[in-house]
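Trainee: Take the sequences, apply the hints, and build the full model.
Okay, here's what each chain looks like letter by letter:
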Amino acid sequence: MSLSINLEISEKIGAPRTVFVRFPHGAPFGEPGAMNQRMTVLRDLLRTLQEASEPGVIVEPGYQWRRTEYPPVAPSSFAETQNSKLKTKN
Amino acid sequence: MGLMERFSFWRRGDAMLQSRAGARFAEATGGVVNRLAAVMMTSRQSGDVPWSPLTKPLSECRLAVVTTAGLHLAGDRPFDVDSAQGDPSFRSFPSESDHADLRIAHTHFSRRYYDADPNVILPLDGLRKLADSDVLHLAPRFFSFGYAGTLTRELVDPERGTAPRLAAELHDDGVDLALLVPA
Numbered sequence: 001m002s003l004s005i006n007l008e009i010s011e012k013i014g015a016p017r018t019v020f021v022r023f024p025h026g027a028p029f030g031e032p033g034a035m036n037q038r039m040t041v042l043r044d045l046l047r048t049l050q051e052a053s054e055p056g057v058i059v060e061p062g063y064q065w066r067r068t069e070y071p072p073v074a075p076s077s078f079a080e081t082q083n084s085k086l087k088t089k090n
Numbered sequence: 001m002g003l004m005e006r007f008s009f010w011r012r013g014d015a016m017l018q019s020r021a022g023a024r025f026a027e028a029t030g031g032v033v034n035r036l037a038a039v040m041m042t043s044r045q046s047g048d049v050p051w052s053p054l055t056k057p058l059s060e061c062r063l064a065v066v067t068t069a070g071l072h073l074a075g076d077r078p079f080d081v082d083s084a085q086g087d088p089s090f091r092s093f094p095s096e097s098d099h100a101d102l103r104i105a106h107t108h109f110s111r112r113y114y115d116a117d118p119n120v121i122l123p124l125d126g127l128r129k130l131a132d133s134d135v136l137h138l139a140p141r142f143f144s145f146g147y148a149g150t151l152t153r154e155l156v157d158p159e160r161g162t163a164p165r166l167a168a169e170l171h172d173d174g175v176d177l178a179l180l181v182p183a
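Chains as they are written, first to last, in this note's numbering: chain A, 1 to 90; chain B, 1 to 183.
Calculated directly from the structure, the hints in this document are not laboratory data. Some clues are possibly wrong.
Quick look at which bits of chain A chain B covers, simulated, 3 or more residues with Cβ under 8 Å [what the hints assert, rightly or not]:
(1) 6-13
(2) 27-39
(3) 46-52
(4) 55-65
(5) 68-79
Ranges of calculated distance between the beta carbons of each label pair, as one might list FRET restraints [said to hold, decoys possible]:
(6) A168/B to P55/A: 20 to 26 Å
(7) R35/B to E51/A: 36 to 42 Å
(8) T68/A to T152/B: 31 to 37 Å
All values derive from a computational prediction rather than experimental measurement. The beta-carbon is built from N, C-alpha and C at its ideal position, and this holds for glycine as well.
Mentor: Here it is, written out as structure tokens:
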């Protein structure tokens, strides 16, 4: 599974499972000190891993750099795939 | 020696990116840079997208991180960051390493975020929290490439490429999940 900060390249490469975030180069897991943010990205990656049923899926959660608020993420939620609101691009 | 090496092209660009203004400029222009980088890729990679279904619960899986940030142990051989062509080699380091044990070599992005909190590239704090909570297991080693540049063949060649060699090492470590992280 791949975290991506460049959608166009990810579409060309074709990784089995990808989560795309619009974060700048040098900060693929988000802002410094933002534990909730990177736990959210990790959760989305692992949910995509468990939910994706075909190769080449790209998920875009739609987070905005410096503008999205991230509630705490419980470790127990990482294995939950029901009620996931992940948006798939293809 | 080419012009890019002679004039230390990457190091000069790197110096600009490490300033606050340089980082903000990179944030503002990142979309354009990403599109240019994608255009420079001539075509979609050939062949079908590989696929390995998840066959066991996450809690029984062993995860390894593979980053392209140019991370390496402080005492390990550094990446060649001055080459115009790039350096397709990779390094490994124990997943139990602390951030203080590691150095970052890549020079094509602002390291201001990493310097403030290295977890923005290698989220050791989050991954260890997951392992401590029995969500998953961490593999014994994590891996990093440097900057591969134009040396695609040296990277992906099935016989001699560094990427297939890295995949073999993941297999040797019993890795179930490879998390690929760009920088």
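Trainee: Run every hint past the structure and note whether it holds.
Mentor: Verification of the supplied hints:
no.: 1; hint: 6-13; verdict: holds (count 7)
no.: 2; hint: 27-39; verdict: holds (count 10)
no.: 3; hint: 46-52; verdict: holds (count 3)
no.: 4; hint: 55-65; verdict: holds (count 3)
no.: 5; hint: 68-79; verdict: holds (count 4)
no.: 6; hint: A168/B to P55/A: 20 to 26 Å; verdict: 21 Å, holds
no.: 7; hint: R35/B to E51/A: 36 to 42 Å; verdict: 29 Å, violated
no.: 8; hint: T68/A to T152/B: 31 to 37 Å; verdict: 35 Å, holds
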